[in-house]
Amino acid sequence: MKLTRTQMMWLVFCINVGLPIYLSGTMNVTKQDAWFSVILAGAAGFIVLALAVRNAKYFPGQTFIEFTQEVLGKWVGRFWVLPYLAFWMISLGNILRSVVDFIIMALFKETPLTAVVIVLFVVVAFAVATNGINTIARCAELMGPLIVLMFLCIYILNLSNLDFTFLLPVAADTSPLNMARGTFTMMEMYGDSYLLVMVFGFLNKQKGVTPKIYVGFTLAVGLMVLTTTFILLTFGPGLAAKMQYPLYELVRYIEVGEFLQRIEVVMIALWVCSAFIKLGFYLFCLSYGTAQWLGIKKWKLLIIPISLLAIWAAGLTTSLLTTRALLLRYIDPVILPLLYFILPVILWIMILLHRRKNQKVQTGVVPTIPKASMGWKWSGVTLLILMLSMYYYMYIRYFKV
Amino acid sequence: MVLSNLPRNPSRSDQTPYHEPDSIHLTDDLDQTEHAIRDIFEDCTDVIFRHLELEGPSRLLFVYLQGFTDPHILNLDIIKPLSERNRDEPFTADILKTLVSSISEPITDINLVAGEIACGAIVCFSQGEAAAYSIEISQPPKRNIEEPSNEVVVRGPREGFIEDLNTNITMLRRALPNPTLKTEAFRVGKTAKRKIVIAYLKNIAPVDIVNEVRERIQNITADQVSNYMEEFIEDSAFTLFPQIQNTERPDIVSSSLLEGKVAILIDGNPFVLILPMTLLSGLQAADDYYERFIYTSAIRAVRLILFLISIYLPSLYISITSYHPQMLPTNLLLSILSAREGIPLPVVFEVLIMEFMFEGLREAGLRLPKQIGSAVSIVGALVIGQAAVQAGIVSAPMVIVVAATGISSFAAPRYNVGTAARMLRFPMLILAALFGLFGIIMGSILLIVHLTNLSSYGTPYLSPLVDREGQSLRDTFIRAPRWMMHRRPRPAVRKSPPLSGKSRSNPREERNS
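Respectively, the protein sequence lines represent chains A and B.
Counting from 53, one number per residue, gives the positions in the first sequence under the numbering used here.
Counting from 204, one number per residue, gives the positions in the second sequence under the numbering used here.
Treat the hints loosely; a few may be bogus.
Claimed, not checked - Heads up, simulated EDC-like pairs for lysine to aspartate or glutamate below, C-alpha to C-alpha not over 16 Å straight-line:
no., chain 1, residue 1, chain 2, residue 2
1, B, LYS398, B, GLU362
2, B, LYS396, B, GLU362
3, B, LYS300, B, ASP249
4, B, LYS345, B, GLU366
5, A, LYS264, B, GLU672
6, B, LYS396, B, ASP470
7, B, LYS405, B, GLU387
8, B, LYS283, B, GLU256
9, A, LYS54, B, GLU672
10, A, LYS259, B, GLU366
11, A, LYS257, B, GLU672
12, A, LYS83, A, ASP225
Everything labelled a hint here was simulated from the structure, so no lab data went into it.
Source: prediction; values computed, not measured.
This is chain A alone, in the form it adopts within the complex (with noise of 0.2 Å):
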């Protein structure tokens, strides 16, 4: 399994781009200003992308498995990716529910649930199961300018319905606070990028790779922060709130002349190809990762088990409504930022202190590293301890509702 640069591209590009579902959570509390949030939560799922990059550029080759043992010893390192690969599970399952959920809703009536997840699952291990992330990340290569292009004819076809004084007043109406807890809710989706420490090391060329990351998301997150902007301006910031899907209905909306309408068609193709894509890269990750955590040489046996275990977990989550308060209250306040910032923090400085040991032993030389580094290192250190504690302090005063 190989993947190009161009791949990974529209590969981090399809896991983020997720045709934002969750948009209402974040309108409820920041109103007319809810793109800046939108924005902030794009930064902050940069650094997650920016730490996962970190994190795996030093191995080629290896996998978040893998090279966590190296750095962190065989025992350290097997424990350190265990809760990652329990969460990814959760989010599978969790996806998978959401997925299905807007495809019952857009086009079933009566259709039971299990059903749609059993045919949708079978094709995406189906898929995973020919050949691995390669299958996974041509469909991508394939599938992203596709969504690109739809995103840009929805923009087109839509702007004769824009009215600016929905915007209006900009950031009057919304304190720091709030900013902060509707960013909290949008952050959950970009957490995926962490996703890439398991795929980097199947990159065939490193070189020049990190910028192409970088503009896949920020394509990604661009999309979705002028998506952001038509909902608010095609349905005002009151109405917008109270949709489920919000993009589902303003494509709904799109009415061009008598002839041209009813485009959600379109729409929600490649709505479930995007899906299909992200279920496909969490699929692969997981069994992928999950048998090397065991040391199985055949991780394709590990399809079915970890496909059962996704749609039983999507059966569990009664309702997207519901499962949205749980994972508001818990999941991502608490284990977000533990998982795909601060253990990626330190596992970096791991990796780098690993390094300097290396080299080392390599060289015979102790490296020397520049004092202002170790001053930046230090301030890093500082801010994100600081950061932390007002996080958490924030996080004890105001969301626990």
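Go by the hints and put chain B onto chain A.
Structure of chain B alone, referenced to chain A:
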């Protein structure tokens, strides 16, 4: 690209094993040799034995097939000079070599000799020599060069390949005059040893692909080969999509060779195989490169849409009318509903019946003699179309859908790509009938997954859309002006010199390819 990872086609043998006869050496006695050859060609009326008594001890025997060799040429070019030469010197093979250029090295095995005769060569034996020489001046009957009826262009060369291999190579040489054009000959087939030639440009075609082609051709163990040897050398058999392109046009072959592809010319077959093939090259016609690029780009869009229609239209019709009527504009929905009023069959069966009838009409029309071909179209149009609608068995929108689908499926420039689309609409139909739009989406994802996993000789089938690192998209959905296409596409992209000098400032320097 790791070619060795490709699934290797196991040698598939379709006949009972054929035993090569043991090799028997020729003797230096001419009469004994003649007897042996006559034994082999017993009951073959078209084998001619011609003796030539020269002065001195020399005695020659020519053996050839009647239809392959023109007796006048044999007389004029070989026999007459031989009998008129200086009598004193004895006959040697060198004399023959001065007379005709296409003469083989001495052959000593009698079975090989018989094989040469069967392939149409003149074989010359001489008294006192335990070897034979095969001379190739055969001119088997062949038809004239005509315009290929399957690939007609409005503007462009009008010649097409014919059944004769040598003529085809000559046409290719004329289209691509360059010493790096290599033509390697093979004899393939256990019983019918047919000559095939692989042609490629030495510095442009990747070596590993050429090696792979050689190896796969040598592994063919069929009794005879023809255009269908495609099945022996393609990557995966269980797919609807052709992985090897075939064409009758020398200009398509020459421009494919310039892209680093390999062509296979088969004797007795006007279709030349080109590999590796990609899906997009299956949707491109020769016309695209002769017309203006803006028009071509627009036509390519039309073609792509028609290709998608031929896969999706009937299934979309089923799913929208029976699962998601809310997706249609009200007026359209009303007119469809009123047309369907009183139709006894569910939509799915209606589609299946009509599609079946359409395929039947197509198949029957293909085989019918031209004189009664119009009868089928009248019966098809009147009986199936009009009468079925009037009788209230089939609804009118359904006839429109099926007709549009049928026409679209023939818009693909390569017939076998169109067949893939025609076949694909049946699984889509079933998925649409089961799950509606969701089924179609799932079917499409499966189709895309299948296509992304297909490859032809190490080149991804969807190239350059996937794995497109360092590849230009200027000759895919659009066709850029020729002077803007600097880079060669896959498979040559990896190590060949650039396509042409950057001549954007002076488009006229663009070389003709």
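message = Let me make sure I understand: some of the numbered hints might not hold for this structure. Which ones are they, in numerical order?
response = Hint check: 1, 2, 3, 10 fail, others pass.
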